[in-house]
Amino acid sequence: MKKSLLIFKVLPLITAFSALLLPARAQVIQEVQNSFNLYKQSALQEKLFVQTDKTTYLPGEIIWFKIYCVDGNDHKPLNLSKVVYVDILGDNQNAVVQTKVAIKNGVGDGSIYVPVTVSNGNYKFRAYTNWMKNFSPDFYFEKTVTFINPLKSPESPVKPADLAYDIQFFPEGGNLVSGIESKVAFKAINQYGKGVDLKGAIVDQRNDTIVKFQSLKFGMGSFLLTPASDNTYKAVIKIGNGAPIIKNIPVVNSQGYVMKLKDNGSGQIQVAVSGANTAGENIYLFAHTRQIVKYAETAILSNGTASFTIDKNVLGDGISHITIFNSAKQPVCERLYFKRPAQQLVIEASANQSQYDLRTKVNVNVSAKDKTGKSLDAEMSMAVYKVDSLQNIDQSEIFSYLWLNSELKGNIESAAYYLKNANAETDEAIDNLMLTQGWRRFQWSTVLENKPADFNFLPEYFGHIISAKIVNSETNKPAKDVVTYLGIPGRRVQLYTAISDSLGRINYFTRDFFGANEIIAQTNQLVDSIYRIDILTPFSEQYTKNGLPKFSFTDGMITALKSHSLGVQVSNIYSGKYLKRYYDPIIDTSAYYGKPSAVYKLDDFTRFTTMEEDLREYVKEDNIINTRGKFHIKVLNTDRGFLDGEDPLVMVDGIPVFNLNKVFAVDPLKVKKLEVVSQRYYYGATEQNGIFSFTTYKGDLGGVELDPRAIVVDYEGLQLQREFYSPVYDSQAQAASRIPDYRNLLYWTPTVTGQGNGTVSFYTSDLQGKYIGVIQGITANGDAASQYFTFEVK
Numbered sequence: 006m007k008k009s010l011l012i013f014k015v016l017p018l019i020t021a022f023s024a025l026l027l028p029a030r031a032q033v034i035q036e037v038q039n040s041f042n043l044y045k046q047s048a049l050q051e052k053l054f055v056q057t058d059k060t061t062y063l064p065g066e067i068i069w070f071k072i073y074c075v076d077g078n079d080h081k082p083l084n085l086s087k088v089v090y091v092d093i094l095g096d097n098q099n100a101v102v103q104t105k106v107a108i109k110n111g112v113g114d115g116s117i118y119v120p121v122t123v124s125n126g127n128y129k130f131r132a133y134t135n136w137m138k139n140f141s142p143d144f145y146f147e148k149t150v151t152f153i154n155p156l157k158s159p160e161s162p163v164k165p166a167d168l169a170y171d172i173q174f175f176p177e178g179g180n181l182v183s184g185i186e187s188k189v190a191f192k193a194i195n196q197y198g199k200g201v202d203l204k205g206a207i208v209d210q211r212n213d214t215i216v217k218f219q220s221l222k223f224g225m226g227s228f229l230l231t232p233a234s235d236n237t238y239k240a241v242i243k244i245g246n247g248a249p250i251i252k253n254i255p256v257v258n259s260q261g262y263v264m265k266l267k268d269n270g271s272g273q274i275q276v277a278v279s280g281a282n283t284a285g286e287n288i289y290l291f292a293h294t295r296q297i298v299k300y301a302e303t304a305i306l307s308n309g310t311a312s313f314t315i316d317k318n319v320l321g322d323g324i325s326h327i328t329i330f331n332s333a334k335q336p337v338c339e340r341l342y343f344k345r346p347a348q349q350l351v352i353e354a355s356a357n358q359s360q361y362d363l364r365t366k367v368n369v370n371v372s373a374k375d376k377t378g379k380s381l382d383a384e385m386s387m388a389v390y391k392v393d394s395l396q397n398i399d400q401s402e403i404f405s406y407l408w409l410n411s412e413l414k415g416n417i418e419s420a421a422y423y424l425k426n427a428n429a430e431t432d433e434a435i436d437n438l439m440l441t442q443g444w445r446r447f448q449w450s451t452v453l454e455n456k457p458a459d460f461n462f463l464p465e466y467f468g469h470i471i472s473a474k475i476v477n478s479e480t481n482k483p484a485k486d487v488v489t490y491l492g493i494p495g496r497r498v499q500l501y502t503a504i505s506d507s508l509g510r511i512n513y514f515t516r517d518f519f520g521a522n523e524i525i526a527q528t529n530q531l532v533d534s535i536y537r538i539d540i541l542t543p544f545s546e547q548y549t550k551n552g553l554p555k556f557s558f559t560d561g562m563i564t565a566l567k568s569h570s571l572g573v574q575v576s577n578i579y580s581g582k583y584l585k586r587y588y589d590p591i592i593d594t595s596a597y598y599g600k601p602s603a604v605y606k607l608d609d610f611t612r613f614t615t616m617e618e619d620l621r622e623y624v625k626e627d628n629i630i631n632t633r634g635k636f637h638i639k640v641l642n643t644d645r646g647f648l649d650g651e652d653p654l655v656m657v658d659g660i661p662v663f664n665l666n667k668v669f670a671v672d673p674l675k676v677k678k679l680e681v682v683s684q685r686y687y688y689g690a691t692e693q694n695g696i697f698s699f700t701t702y703k704g705d706l707g708g709v710e711l712d713p714r715a716i717v718v719d720y721e722g723l724q725l726q727r728e729f730y731s732p733v734y735d736s737q738a739q740a741a742s743r744i745p746d747y748r749n750l751l752y753w754t755p756t757v758t759g760q761g762n763g764t765v766s767f768y769t770s771d772l773q774g775k776y777i778g779v780i781q782g783i784t785a786n787g788d789a790a791s792q793y794f795t796f797e798v799k
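Under my numbering, the final residue of the sequence shown carries the number 799; numbering is consecutive throughout.
Don't read these hints as lab results, they were simulated from the structure. There are no misleading hints in this set.
Distance condition first, Cα-Cα at most 35 Å in a straight line; then the derived DSBU-like pairs of lysine-lysine:
1) K555 - K425
2) K414 - K550
3) K775 - K105
4) K344 - K317
5) K239 - K414
6) K374 - K299
7) K425 - K799
Listed next, with one range per pair, are the computed distances between beta-carbon atoms:
8) V121 - E433: 45 to 53 Å
9) Q448 - V717: 37 to 45 Å
10) T758 - Q38: 41 to 49 Å
11) I250 - D560: 31 to 39 Å
12) S234 - K425: 39 to 47 Å
13) G581 - Y466: 32 to 40 Å
14) G704 - V532: 24 to 32 Å
C-beta atoms are modelled at their ideal positions from N, C-alpha and C, and glycine is treated no differently.
Model the full structure from these sequences, guided by the hints.
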């Protein structure tokens, strides 16, 4: 009776205490979610996928490629960045080629001429935006391309004895805790980034075998281990016929948390959390899919364990991040879970025949549909090339890249394998892949600070940003609040101004900046004469640790190499002029100040022998003053009279000239026109007391001597778009032409036009063999797909 009364009295206290705990637990979940959403708002993720026309090239060939830029959250084409940087990297991350490509509405295309000096080997083709440089290079786009130079002997093949292996172990959730069973995943790769099959065992300090294991796919697998507190463990691994390899496994902790995830196939995921010395503690589960919060829940560790049940329908398609927090809001466990996405876009493509003669027209029917057969409007690109011992089928495809490669670090072998095969083996293999990833894109400590993320690189929303740094040349320290000017000499006025920040950083926001140029950066040397400007490289200097696959040249490739080499030489001899044709970029050629107050074309007037006389006699918006041998200009505004203050900004071919004596020394016969802005003008960080802009006939500054402290740099702008050349044989005379045609790339187009169904046409060459067509595409809704078709030429 007394015990019943005691329980009756205590129960309300427990209920009241639980009522107090629930709001507190909910508050922690809400705080984590708010911090995460704040971080996400400022840390938008871009993803890139690049389709190249093929993967093997000889010097003198052109790499054609199409860029797809999408939002990392929903894979919809993203109109944020307008520039993509492309590097081709060799050994030791040395850049063989670098270029900048303009994109618009999330798509763009470009081309790269393979230099004749390139060495034999595999290279990294990578692409990224300026904004992506704020994050890990593991999330840049990367693929492998091969260069084979017939003029250089291939290196001797690497002997198997030289192989080295990177073997790592990953406890589920991140920790091994004594007395608690954990699933431990492992991954073994060689120095070329390829997974290797292995068998092994975990042994303790007495060399007793605790558990045996072997890889399932691509060098990955998993096993269960319950470590004891008084034991030490090592892994003994056997790869092929090599000697056993001894590796340490992660340290065993005496306290901490262990996480177990189980997909029971019923549409629910069970997440169990165990902790040593953690009884009665609140823990929190937080799950997000591509930075979109999907699930948040709290539980109490009872007898050291707690469990969560997540409906799989709650999670988004693809990779979800599941994180466990302790009561102090510290992340203590994390693992990835993959939910297989359904392919919503179906691309169908087929040639109208399975076999063609030489120099014959090929018609390819292309359609983009949804799963029900309804036509869709998709952005697509297509390449058709010859497959032989030199050129294999390019396995990269946009659907698996967006769902897997772009979300994971390191090299993902055959990502399409996981998505195209839905069975028990692939389910286990993809879970092993998730387990071997460790902690992800960001540090939770940064997220939980509740501060806007600090980024060093701006998104290039309007065009290429030229970055520089200014220092005091006497102290070599960064200079703050210094107004600088960057001009691009030429007939088109391209002037950009910027003011340095506290670290001496400068950003010039260019527009329509194409082709090879010379840029001139300077300060107003009459005011700021002690500063030095250094132009910074726009290309990323961060690199992944992904190894390149081993390059090997076999005797079976010799025939194909001779054929490819002959084709490249013939193409450059007979079609070289077509390969150098470029589309004219559509740009605004007007000066930054728009319509000037007055334009003086000096050929319309009688020429004087000095610039001073021309300005005094013909230009009504100025008053020329020569004081003690130094020229000055007073600008006359018809409504307000003379503008008070300093001289106007005077430019010659878009380059500011602050010492006006140099302008008055120019031969007026070299000057084509003068544009005058007769009112005060504000541009960027500058206030200009009017503008006098001279344009010479040759765009070469008319002999004006630059200040020796001005920085002159050869600088490549956005690349001009090259036209793809494909011969046409639509008449008997053209087909009978004696000009040889040894193209192994029959066709390339970055844009397959038309909605739903369409036809693409091109002609075969003089090369017999098997050809493959590859189409990549994406819809405005973010659904992606690839398709292949084949035919033979005899």
